[in-house]
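Novice: Residue numbers (the numbering used here), protein chains in the order written: chain G, 1 to 324; chain B, 1001 to 1324; chain D, 2001 to 2380; chain F, 3001 to 3380.
Among the clues, some could well be false.
Unchecked claim - So, partial list: chain G residues that the calculated Cβ filter (under 8 Å) puts toward chain B: (1) F38; (2) R39; (3) G43; (4) Y45; (5) G49; (6) Y91; (7) R104; (8) G107; (9) G122; (10) I123; (11) H127; (12) V138; (13) D243; (14) T244; (15) P264; (16) G268.
If you're looking for bench data, these hints aren't it; they were derived computationally from the structure.
Nothing here was measured: the structure is a model prediction, and the numbers come from that model.
For glycine and all other residues, C-beta sits at the position ideal for the given N, C-alpha and C.
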Amino acid sequence: MPVYNIIQAVNDALRLEMKRDPRVVVLGEDVGKFGGVFRATSGLYDEFGPDRVMDTPLAESGIIGTAIGMALYGLKPVPEIQFADFIYPAYDQIVNELAKFRYRSGGQYPTPVVIRTPYGGGIRGGHYHSQSPEAYFVHTPGLKVVIPSNPYDAKGLLLSAIRGEDPVIFMEPKRVYRAAKGEVPEDDYTIPIGQAKIVREGSQVTLLCYGAMVHTCMEAAEKAAAEGFDPEIIDLRTLLPLDTETVLQSVRKTGRVVIAHEAPRTCGYGAELAAMIAERALLSLEAPIARVTGFDTPFPYTLENEYLPSPDRVAQAIKQTATY
Amino acid sequence: MPVYNIIQAVNDALRLEMKRDPRVVVLGEDVGKFGGVFRATSGLYDEFGPDRVMDTPLAESGIIGTAIGMALYGLKPVPEIQFADFIYPAYDQIVNELAKFRYRSGGQYPTPVVIRTPYGGGIRGGHYHSQSPEAYFVHTPGLKVVIPSNPYDAKGLLLSAIRGEDPVIFMEPKRVYRAAKGEVPEDDYTIPIGQAKIVREGSQVTLLCYGAMVHTCMEAAEKAAAEGFDPEIIDLRTLLPLDTETVLQSVRKTGRVVIAHEAPRTCGYGAELAAMIAERALLSLEAPIARVTGFDTPFPYTLENEYLPSPDRVAQAIKQTATY
Amino acid sequence: MLAKGQPVSVSPPRNPDEVFSILDEDGNVRKGVRAPEVPDEACLKLYRGLLQVRLVDDRYMKLQRQGRLGFYMQSTGEEATHFGGAYALRDSDWVFPSYREPGLAFWRGYSLTDFTNQLFGNCEDPVKGRQMPVHHSARWLNFVSISSPVGTQIPQAVGMAMAARISKKDDVALVYFGEGATSTGQFHVGMNFAGVFKAPCIFFCRNNGWAISTSREKQTASKSFAVKALAYGMPGVLVDGNDLLAIIAVMEDAVKRARAGEGPTLVEALTYRRGGHSSSDDPNAYRDPTEVAAWEAQDPIERWRRYLVKRNLWSQELHDRYAQEITDEMMAALKHAESLGPPPVESMFDDVFAELPPHLAEQKAECLAGPRPKSGHGGH
Amino acid sequence: MLAKGQPVSVSPPRNPDEVFSILDEDGNVRKGVRAPEVPDEACLKLYRGLLQVRLVDDRYMKLQRQGRLGFYMQSTGEEATHFGGAYALRDSDWVFPSYREPGLAFWRGYSLTDFTNQLFGNCEDPVKGRQMPVHHSARWLNFVSISSPVGTQIPQAVGMAMAARISKKDDVALVYFGEGATSTGQFHVGMNFAGVFKAPCIFFCRNNGWAISTSREKQTASKSFAVKALAYGMPGVLVDGNDLLAIIAVMEDAVKRARAGEGPTLVEALTYRRGGHSSSDDPNAYRDPTEVAAWEAQDPIERWRRYLVKRNLWSQELHDRYAQEITDEMMAALKHAESLGPPPVESMFDDVFAELPPHLAEQKAECLAGPRPKSGHGGH
Ligand SMILES: Cc1ncc(C[n+]2csc(CCOP(=O)(O)OP(=O)(O)O)c2C)c(N)n1
Ligand SMILES: Cc1ncc(C[n+]2csc(CCOP(=O)(O)OP(=O)(O)O)c2C)c(N)n1
Ligand SMILES: [Mg+2]
Ligand SMILES: [Mg+2]
């Protein structure tokens, strides 16, 4: 089995699906000959030609707007937004159109568009190349939100997303784009959307995370384990629909919860997790739910390591929550 | 003291502040001679002329984009977005520009723009004239989010917002635009941003709400009171920054919480409230926090009364939470 | 007021600031213009269509005033723009309408029953009571779901046109919008993509002079809207929007070019919004009623009628028969629509996704179990 | 490649698809054109400015390659566009730059010390280490904070220009952007507002042929970018972007009109991005290097030098002195910037709002009390 990083796994999934299904097309800024600024679409232009791999003018609303039109006609567009920070010009097309098309037309017009976009900090990109806007999309009925943390999941989830009938915001953790490596089967496999994965079993604290934070949390768990703590880590993989059962089972077992994400705290996805748990497992809770998150400031440049949840900050939360 | 509805109170605040401060300007679609589709800017064009009350082309990103430029030059723009549902074309200008301008320029360039926009359902507007997008803005560092529920607060909060130095999303509950009436002093007064208000004292359950939901909750409280329940109702008035103290004091007293909002549940503002309370007052909680909200579907047309939290649904949550 | 353009060739290149027109006010073909050949039968079908829009608008606007309908938008005076666009297409082409072109739907076969059920948002509404009145959707007619946000359909139409090209089909897209919509970013972005990708898409701008209370002069400083085409390397044509024959000529030309792979066209049809913006609007608050009167004299249906008279196709008897048929059909549709209840409350949770996810299943159960409004249905 | 335009009047109306140029490649004023009168001293100051941008770009790009700087963007070959715009303004006018016009800041008085501190995001960075390198802001120079999202500054500049008019001041706004930015909704919306409100705003499009890997032909199907002005009822001028004198002429004209209340102008300066998009980019992956070579022969600094030679203003000695001064200043700035630490961690919570709200005060305390990275500063 080849060892891929996340970029290669995404590239592999796109190539595989474009071969299998002639309806799949890719579009976005610089995704053609150049293969995308992160090279996730590398080689696709040469293999599938300009009709199926389209360099677009610089307009995210045009990328998503035309992708919707393509989906209406029966194609399966997989647009790329170069950085999640630049998705906002397309926000109206995403939240008012893409998310509501099936519903508003009484089921007549599904719009299965899968929007790929790199997100998150840790690459010294300041607040315009580091944002984690997932909560905006989770709060928008009609969108699924998927965030892989490793190459294996990236391929399997992306294939599921493209084969599905719903719009998906597929967010790729650019910080670990190259750093997260792993074996990826060359052939076809899918990972169902809506299933979380326990990536470390433990008994004491449930650690909820996704994307690049999974790696931070694993490191934090090592640190905490060295001091005798035993956290369980759940990689959520899909934010919407959430795998509530896996989360609650773990919480009922541990009675303690730490949530980690890069996005600002207030009204972030961690708020929903905490609220859901407090609603459904209040009596199991033996300690307050801790949120280790980005602060409620724009993402800074020089001080990004102070801003981002670090393994140390997560480890501290594990210990405090475990000993509460 | 005159009795005003919310539209009249907003209009009064705008007129008062435009007289007092020549830097204040109003702009938006149809806000000029016509006075806005809800008539909130009625008469201002005749009084202050086309330089200070500007009908704009149909482009929300232009309304907010130019308002930012005006603020940079020293004006105090109060743009109107005709319906909150149409704010998304301006989303990039709001979340990437307006919210971050002061921060990204190291404090050099404040952009005190107050965006007024009617929001919420109950007017038979379907999903494009009924949305409650407040959580999107609360999750965006750099924005204050203010939602009055009555004419007195509307005037006092709007004056505070315009006199402040920060960008404010000022959301007006259009369902009670005309229905919510009350005495409003003719002269100048402000209500500080960041202060909630207990609108009904009670001992048993804390009911958290804002905007039109305050009226729904008051009605629910009457119903529940008739059956012997005693809820306390807090009108949050400002969603960001939240008056955490007032909320927590009440929760520590009652040990029980019901949250009501119109927006979809998942990742809505109620999630943040519940998370915050579960973090800080877990040991005071005697029952799970209940969220009575819009469902996670686009806002429907015919079935809007099924969708919107009704007094009955809130009353049921009060009773269930109180007797848990 | 409509500038009197000299009849010139419909085909680009032509001056996008000059109005192209074929019929004069008396219904005569202007000298020196080649009129498109519209068969007798089609001429009458078009007349019936124009009439249907007018009668339906009149009736449903009254209904709204009586409180029997929640909301309505009329297109009185702009009817020719609907049919000029619709006529030039074949069935496999797609239309992306805005909210003010019911004739476009009728021409393609949308029944008054579907139309009326949508207005009432009842249990037979093709969009299941999900949208405000006048937001139709008819997939079986390649008539795309109407959306309130102004302009969003424009890049979508371009995408559909690109998809047709990619799929090696020669279907074209026709997208409608008001002149107000040209100010949105969506217009720009859609036009630009269409230019670059040579998308077989026709952009139809109904310039009716007003965007709610905002006049055309406050919308843009350009001389015409058609001239905006130059910014995208495509031809722009300004046509008399009350002259059905001229619109047909311009559209047939644009469709031919699009289908042949020669790229997009921007058509501006100069007309006038004689009514209020919607049933919620009072235009007297912001505009001079004499302006309206002047445009009433330019009525597109009357102009078409005069043309048919010249062609010996029109008679009062025929007109009366059409009017009667339409009225009967409408009254039956209305009666039916008013007799129906709302969509079932369970349906509120359908179609958010292809399948009901767990959290929505729970919310649905919660909704059904919880206290519910006595009359959930406010559709009437 | 630069089309050889006939020298024509700079003032509109003129054909926006024809390149206006004053200096030929040898630095001669073309026959029949009236060149603007630029005093000797200014000519030399402009030369020094051009040189400074070139030297700074060369040095800091190397620094980035050595890993001493996180990120850099050069503007080699486009320097004339910075100074042509800057020269025509007075200090009270405002500029809304994109990320590729350092000369604009230098001309207005931005020091190499501030410039370098910004690149390093250190504790003396005027924007407090909040933004990536090259995102300068200098309020004291009416040089507005640079933003990464492409095009957002365009309507902002229009708003500032409207505000000046409303405030009865005759300040003008000058906004820069690349040709890629013309595809954004922001461009359209800003241009349209400017037309409608007759905003005293000059839109300066640096058409350098590339938007990262996307060539100009994939960006739009219009013949020029200047022609897009017609869509907004304003004049568009296409100017040789490597001809400083021509840009000055065009800009002086546009500024005069703006200041006189005659409205906005779109200027397209035709030039070429000789380097990569940024230090993260490898242009050889997508374009033919011979294209670059052809444009090197059109170097704007060399053209200006030849002009100065004709005016007897230039000498090797002077050049060497300038180069030495700039290098010394730069090395001092660099040494200083590298010696400084990061901004204090507390500062991360400032300037989100005018005053620190309670939740941020708590988070600040949490941050200061919590475990913190050993080296928070990655600025170098
Ligand atoms: C993005 C957006 N902004 C504002 C509105 C409110 N609105 C509805 S229709 C309209 C005017 C549209 O005018 P025009 O495009 O000329 O079409 P017409 O109504 O004349 O047919 C406005 C401002 C909206 N629906 N969408
Ligand atoms: C809204 C947005 N989308 C995408 C990007 C990524 N991006 C940065 S620069 C750039 C190309 C800009 O090209 P152009 O406007 O021609 O300016 P140039 O770099 O040539 O000076 C792109 C796509 C961005 N910064 N903002
Ligand atoms: Mg109109
Ligand atoms: Mg460029």
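Novice: Of all the hints given earlier, name the ones this structure violates by number, lowest first.
Specialist: Of the numbered hints given earlier, those the structure breaks are 1, 2, 3, 4, 5, 8, 9, 10, 13 and 14, listed in rising order.
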